[in-house]
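**Student:** Each chain, written out:
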Amino acid sequence: MYFGDFNLSFTNSAFYMTLIVLSIWIFVAGGMRHASAVPGRWQSMVELVYEFISNMLYDTVGPEARRFFPFIFSLFMFILVANLMGMIPYTFTVTSHIIVTFTFAAFIFVTVTILSFYKNGFKFFTMFLPPGVPIFLAPLLVVIEFISYLTRPVSLSVRLFANMMAGHTMLKVIAGFVISLGAATYGIGGIIPLAFITALTGLEVIIAVLQAYVFAILTCIYLNDAYHIQH
Amino acid sequence: MEAEAAKLIGAGLACTALIGAGIGIGNIFGSYLSGALRNPSAADGQRTNLLLGFALAEATGLFGLVIALILLFGF
Chain X
8 MYFGDFNLSF TNSAFYMTLI VLSIWIFVAG GMRHASAVPG RWQSMVELVY
58 EFISNMLYDT VGPEARRFFP FIFSLFMFIL VANLMGMIPY TFTVTSHIIV
108 TFTFAAFIFV TVTILSFYKN GFKFFTMFLP PGVPIFLAPL LVVIEFISYL
158 TRPVSLSVRL FANMMAGHTM LKVIAGFVIS LGAATYGIGG IIPLAFITAL
208 TGLEVIIAVL QAYVFAILTC IYLNDAYHIQ H
Chain Z
626 MEAEAAKLIG AGLACTALIG AGIGIGNIFG SYLSGALRNP SAADGQRTNL
676 LLGFALAEAT GLFGLVIALI LLFGF
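Protein chains in written order, with the working numbering: chain X, 8 to 238; chain Z, 626 to 700.
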């Protein structure tokens, strides 16, 4: 589908993103539909996630970052559901495309930089010189800190993307071993890589949750840098 | 040397970044465990830092993997 020069096709990626948003909506709205003071099973699951993100934001940044809670919550839930949905066979992992993760990371980077300028004004630049450093080290250290600041979106996006892609590639390679080893030994040898792939699938589920958590907590840490700049 | 062969060797060499990532991840979890066994009451508070360190160490290894993939499929 082309609108002028823009390719606006409804791709696999777009379809799964819609599915992810829908399933998050069903999870949260369905859980809070008959909200009561004594939560049921579903409602307590929603409250568990809410409190988890809320505690994470309060512990790393503090109560002043309250207005960023919806952003962090939706970011965490989107990445978590995208990663977990990718673990279902025959589905598509949205976060295994670098453009998706890089868009998130670039958005966070721009938000944090603007927020930091808004909060601190030109004191923003003191961030590049940690306190208590001898002044003759400044030319070297400022350059290093500046480069490390600029690589934040790259490292944030590549971490998620590479974890997802490397994990799925590894599963695919070992799934290929099941066929080739099984064909060579009349089906008996295929059991070994099959057992291996079962264990690795469990590991991948852990990684999926962990990477969503790491993405969210790194966002919180970047927000903390913007709110509490070191002088 | 043919360009194709050099590409494959380069991709293999780029994967050696995972050596460092393995050492780093092992170091983080080993240090956490030895610290946690000495003072179990303080262990829960440091779990965030543990996972953060794990993620940062793993990312450096995965950068090497990404370079290998770029070499293999990007050129």
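Treat the hints as calculated values from the structure; they're not laboratory data. In this text, all values refer to a predicted model and were calculated from it rather than measured experimentally. A few of these clues could be false.
Said to hold, decoys possible - If you want the footprint, here are the derived chain Z segments under chain X, 3+ residues with CB under 8 Å:
| no. | region |
| --- | --- |
| 1 | 634-641 |
| 2 | 669-678 |
What the hints assert, rightly or not - A few chain X positions that, by computed beta-carbon distances, are all more than 10 Å from chain Z:
| no. | residue |
| --- | --- |
| 3 | Tyr23 |
| 4 | Ala44 |
| 5 | Arg73 |
| 6 | Phe116 |
| 7 | Met134 |
| 8 | Pro141 |
| 9 | Arg166 |
| 10 | Phe168 |
| 11 | Ala169 |
| 12 | Asn170 |
| 13 | Met172 |
| 14 | Ala173 |
| 15 | Val221 |
| 16 | Ile228 |
| 17 | Asp232 |
| 18 | Ile236 |
Claimed, not checked - A few chain Z positions that, by computed beta-carbon distances, are all more than 10 Å from chain X:
| no. | residue |
| --- | --- |
| 19 | Glu627 |
| 20 | Ala628 |
| 21 | Ala630 |
| 22 | Gly647 |
| 23 | Gly649 |
| 24 | Phe654 |
| 25 | Gly660 |
| 26 | Asn664 |
| 27 | Leu690 |
| 28 | Leu694 |
| 29 | Leu696 |
Just so it is clear, CB atoms sit at the ideal spot from N, CA and C, and this is done for glycine as well.
**Student:** Determine for every hint whether it applies to the structure shown.
**Tutor:** Hint check results:
no.	hint	in the structure
1	634-641	violated (count 0)
2	669-678	holds (count 3)
3	Tyr23	22 Å, holds
4	Ala44	29 Å, holds
5	Arg73	20 Å, holds
6	Phe116	16 Å, holds
7	Met134	19 Å, holds
8	Pro141	27 Å, holds
9	Arg166	4 Å, violated
10	Phe168	8 Å, violated
11	Ala169	4 Å, violated
12	Asn170	6 Å, violated
13	Met172	8 Å, violated
14	Ala173	6 Å, violated
15	Val221	4 Å, violated
16	Ile228	8 Å, violated
17	Asp232	14 Å, holds
18	Ile236	20 Å, holds
19	Glu627	26 Å, holds
20	Ala628	24 Å, holds
21	Ala630	22 Å, holds
22	Gly647	14 Å, holds
23	Gly649	14 Å, holds
24	Phe654	13 Å, holds
25	Gly660	19 Å, holds
26	Asn664	20 Å, holds
27	Leu690	6 Å, violated
28	Leu694	8 Å, violated
29	Leu696	14 Å, holds
In this structure, the earlier hints numbered 1, 9, 10, 11, 12, 13, 14, 15, 16, 27, 28 are contradicted, and the remaining ones agree with it.
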